[in-house]
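Start from the sequences, fold in the hints, and give me the full structure.
Protein chains: 4
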Amino acid sequence: MTVKVGVLGARGRVGSVMAQAVRDAEDLELVAEVDHDDDLQVLVDNGAEVVIDFTVPDAVMGNLEFCVTHGIHAVVGTTGFTAERVEKVRSWCEANPATGVLIAPNFAVSAVLTMAFARQAARFFDSAEVVEFHHPNKLDAPSGTAVHTAEGIAAARREAGMPPAPDATAQALDGARGADVDGVPVHAVRMQGMNAHEEVIFGSQGQTLTIRQDSYDRTSFVPGVLLGVREVAAHPGLTVGLDSYLGL
Amino acid sequence: MTVKVGVLGARGRVGSVMAQAVRDAEDLELVAEVDHDDDLQVLVDNGAEVVIDFTVPDAVMGNLEFCVTHGIHAVVGTTGFTAERVEKVRSWCEANPATGVLIAPNFAVSAVLTMAFARQAARFFDSAEVVEFHHPNKLDAPSGTAVHTAEGIAAARREAGMPPAPDATAQALDGARGADVDGVPVHAVRMQGMNAHEEVIFGSQGQTLTIRQDSYDRTSFVPGVLLGVREVAAHPGLTVGLDSYLGL
Amino acid sequence: MTVKVGVLGARGRVGSVMAQAVRDAEDLELVAEVDHDDDLQVLVDNGAEVVIDFTVPDAVMGNLEFCVTHGIHAVVGTTGFTAERVEKVRSWCEANPATGVLIAPNFAVSAVLTMAFARQAARFFDSAEVVEFHHPNKLDAPSGTAVHTAEGIAAARREAGMPPAPDATAQALDGARGADVDGVPVHAVRMQGMNAHEEVIFGSQGQTLTIRQDSYDRTSFVPGVLLGVREVAAHPGLTVGLDSYLGL
Amino acid sequence: MTVKVGVLGARGRVGSVMAQAVRDAEDLELVAEVDHDDDLQVLVDNGAEVVIDFTVPDAVMGNLEFCVTHGIHAVVGTTGFTAERVEKVRSWCEANPATGVLIAPNFAVSAVLTMAFARQAARFFDSAEVVEFHHPNKLDAPSGTAVHTAEGIAAARREAGMPPAPDATAQALDGARGADVDGVPVHAVRMQGMNAHEEVIFGSQGQTLTIRQDSYDRTSFVPGVLLGVREVAAHPGLTVGLDSYLGL
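Residue numbers (UniProt numbering), protein chains in the order written: chain H, 1 to 248; chain B, 1 to 248; chain G, 1 to 248; chain L, 1 to 248.
You may find that some hints are simply not true.
[To be verified] Computed from the model, here is a short list of chain H residues facing chain B with C-beta under 7 Å:
| # | residue |
| --- | --- |
| 1 | Ala95 |
| 2 | Tyr216 |
| 3 | Asp217 |
[To be verified] Output of the computed footprint for chain B on chain G, the stretches with three or more beta carbons under 8 Å from beta carbons of chain B:
| # | stretch |
| --- | --- |
| 4 | 11-19 |
| 5 | 80-88 |
| 6 | 162-168 |
| 7 | 190-202 |
| 8 | 216-230 |
[Claimed, not checked] The list that follows gives simulated cross-link-like pairs (lysine to aspartate or glutamate, EDC-like), each with its CA atoms no further than 20 Å apart:
| # | chain 1 | residue 1 | chain 2 | residue 2 |
| --- | --- | --- | --- | --- |
| 9 | G | Lys4 | G | Asp38 |
| 10 | B | Lys138 | G | Asp167 |
| 11 | L | Lys4 | L | Glu26 |
| 12 | B | Lys138 | G | Asp126 |
| 13 | G | Lys4 | G | Asp45 |
| 14 | B | Lys138 | G | Asp45 |
| 15 | B | Lys88 | B | Asp58 |
| 16 | G | Lys88 | G | Asp126 |
| 17 | B | Lys138 | L | Asp217 |
| 18 | B | Lys4 | B | Glu49 |
| 19 | H | Lys88 | H | Asp45 |
| 20 | H | Lys4 | H | Asp38 |
| 21 | B | Lys4 | B | Glu231 |
| 22 | L | Lys4 | L | Glu49 |
| 23 | B | Lys138 | G | Asp38 |
Just so you know, these hints were derived from the structure itself, not from any lab.
Backbone N, C-alpha and C define an ideal beta-carbon position, used for all residues, glycine too.
Here you go:
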């Protein structure tokens, strides 16, 4: 038995990739491709059980209100979810308790696992640093993911009552030791040919542990979205972040 | 307040490193160094609360019976624990329920975490392979740790009902695709200059996750043993494997 | 002053990428796009100084005879060059000594450099192994590039009179130690998400040297072809392999 | 036939390792171990053909004058060679043209090759960055080797008339993009458990090339010194740097 899926933003860059991925999956059936001028009623008419929403902040709230009130589960990668917006979605879900909504800022499973494992590992190692690598067109350094990873490591170290990482550096060129994110050094490499990669390194006596994530191209979110589509019905209510779907 | 620690096998290669590590730790006090001709009574006389046992199979059972019956916790890296021996130790622990014994085949925290994370990650990726790297004096290939890691990945894939990893190889030189451990390819590199290193690689659409562990020298078990010493009193009864001390 | 470039096979998968790359390069001008039904005379009419040929074995010899006899330099990535064909091209070049032809099996500069550096480094290290990583649709294992790399290392070791790499392995699972290419172990990983990657590892006392090449996508041949286009006029006669253009 | 070797500074930390390495080498014979109170005449009396000097700046000039004037070749890892000192040694060599002296700041062959290959590769890639990893007791960041590597890359880029590496970074945390060494970003990681490691990354369209050097322990200079001992007689006169012995 297949799951009937509708794609919102189906002619967008990400949405079109998702529509193709649904078509390619044997256990999923693409029943509706909706873009900005289309009527959402097609979702109901075609029996969509789950929608994938990669649209724009202006559209996503209307989409979600429609889906939740019609009992259609939603997997959402659209950006712009303020705390206020999240609460609004939560209220719709509470009124329709059988429906599941998953909103995630990052659907790359390898990146989500890297952050989760880094938090788990942090308290066992004296040293922890993050090195991220991106294409040279990226505007911010470090990446949001790398900053978030470092913050998670720093929080785990604090909870465990750990002292600062050992570092005898007395003479340094400006910037050599990276950016300081809550005490965790973060280094950003910008490299032609690369896409998005993150490496977390932990060290203690005689050993290191390295967790590395490579996103080779812009389809790396696909497996995470499909995982969401397959499991959202089993997670009624609002879930923020892919983590809890990964059972971590 | 410090923990009073006795080291058994204190003049051995590993034991002497552990004795030094206890001396160097501010929260631990080395109260007894015992080797094969010494009387275990010194542990009681000097008030040892925890012993570290890196001795030999012939000595370890006598040591453990003495320690458990005297209420001294034990952290044990000695090899040779058959199922029968484990049951024997368990019976002593049941008769002395306040005493904790930790027996672990591998105290390298980075290696234990690598195996644990690999099991957690396995079900989210189409492909999984293990590459291990050791000094050229090693007799077996792949290493026991790499085989154990691959078995854990294979078990997690089976539980999740996953198909075999995709592999279109039609023409291969003998050995090119590694050893097959329950369907997971394992590759063993033997390299002058290296010590013991393991890399687990997972792949799905557009992305990979790599978990790598490097043991640079023979002191890499120290942090794990000290972790055991500090936490064994909070884990009464017999524990096999460092995993459960890591809260994974 | 720009170089006038014609692309042969311009509507093919690779040719179309090359046509675009020429358009994007400020110092090059795309003056002709030729595919299988087109007349080569357009190259002369439009003043092409250099052609790029990514066509098929059936077409390439005719293309090259036309170009060389008309004094148009050629950069060729088409496959199927037997020794006999190479000699034929060489005879055309000898009759037109001012014209340059570059035929290369691999235009990925990073891969060509990896092979060249591996040959240079080989004689300084006791151990050498190759690990290659490809997408799981690849039919052969190891890759031709990895085999070629290992052969280069083996030749350099032989010339230096080196003994076999140290390896005490006594108990091994079948395949664990990789494929044996002239005494150099080669390991092939097949991984969803990856494209084409090669790692060469050398080890001696207390140290290793790793040379790694990553081809993230199918455009990785572009910089090498453009390098060829820019320098072919300075290399009259026939050149096989990109190496000599890299000054190695 | 073996080469007769004397070790100066034979009871020092490095000298004692070298003395043992000479004893272990089948083609070398240790004929003299000299330390600061010993008479250099023992070198002549015991027929030393080559000396290894890992002493101190105060001693090395006297040692070299003695050796060169007595026709004993010298392989020197002692620090403190100013331009003036180098000229002094050169003048002694000119007066004794059959004698060879090799003075090198770095005898780790893997590090010397990394720098050499980085210079060779630099002009073929749009982007180049250096990441170095050291134990946390290191006082300076980045390491001298990493700075030297970056300077070599920068020089090669300048000679090739290359523009700055592409980097669209508009918003950055302080230090995120590393230290700027002649336009090449250098990132320094300080990690418990590590010793000394350097990674050079180059990128162009669709590909990267990574050259990585790992020094796992303090014996990593041994192979380079032994190489010097075996080849110094074939390099009469003064040579600074191991490079030219590597035929690069």
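* Tyr216 (chain H) as chain B interface residue, shortest Cβ-Cβ below 7 Å -> Nearest chain B Cβ about 5 Å off; hint holds.
* To do: Take the C-alpha atoms of Lys4 (chain H) and Asp38 (chain H), compute the straight-line distance between them, and say whether it is at most 20 Å.
  => 18 Å, holds
* Between Lys138 (chain B) and Asp217 (chain L), does the CA-CA distance stay at or below 20 Å? -> 19 Å, holds
* In terms of beta carbon proximity below 8 Å, does the stretch 190-202 of chain G have 3 or more residues touching chain B? -> holds (count 6)
* Is the Cα-Cα distance between Lys4 (chain B) and Glu49 (chain B) 20 Å or less? -> Holds, at about 5 Å.
* Asked: Holds or violated: Lys4 (chain L) with Glu49 (chain L), Cα cutoff 20 Å?
  -> Distance of about 5 Å is within 20 Å: holds.
* Would you check the hint for Lys4 (chain G) and Asp38 (chain G), treating anything up to 20 Å between C-alpha atoms as holding? => With Cα atoms ~18 Å apart, Lys4 (chain G) and Asp38 (chain G) stay inside 20 Å; holds.
* To do: Confirm or reject the coverage of the stretch 162-168 of chain G by chain B under the rule of 3 or more residues with a beta carbon closer than 8 Å to the chain's beta carbons.
  => Per the Cβ count (4), the hint holds.
* Asked: the stretch 11-19 of chain G covered by chain B? Criterion: 3 or more residues, Cβ-Cβ distance below 8 Å.
  -> Violated - the stretch 11-19 of chain G has 0 residues with a Cβ nearer than 8 Å to chain B, which falls short of three.
* Under the criterion that the straight-line Cα-Cα distance not exceed 20 Å, is the pair Lys4 (chain L), Glu26 (chain L) satisfied? -> 11 Å, holds
* Holds or violated: Lys88 (chain B) to Asp58 (chain B), with C-alpha atoms at most 20 Å apart -> 14 Å, holds
* Restraint check for Lys88 (chain G) with Asp126 (chain G), where alpha carbons must lie at most 20 Å apart -> Roughly 42 Å between the alpha carbons, so the hint for Lys88 (chain G) and Asp126 (chain G) is violated.
Violated hints for the displayed structure, listed by number in ascending order: 1, 4, 5, 8, 14, 16, 19 and 23.
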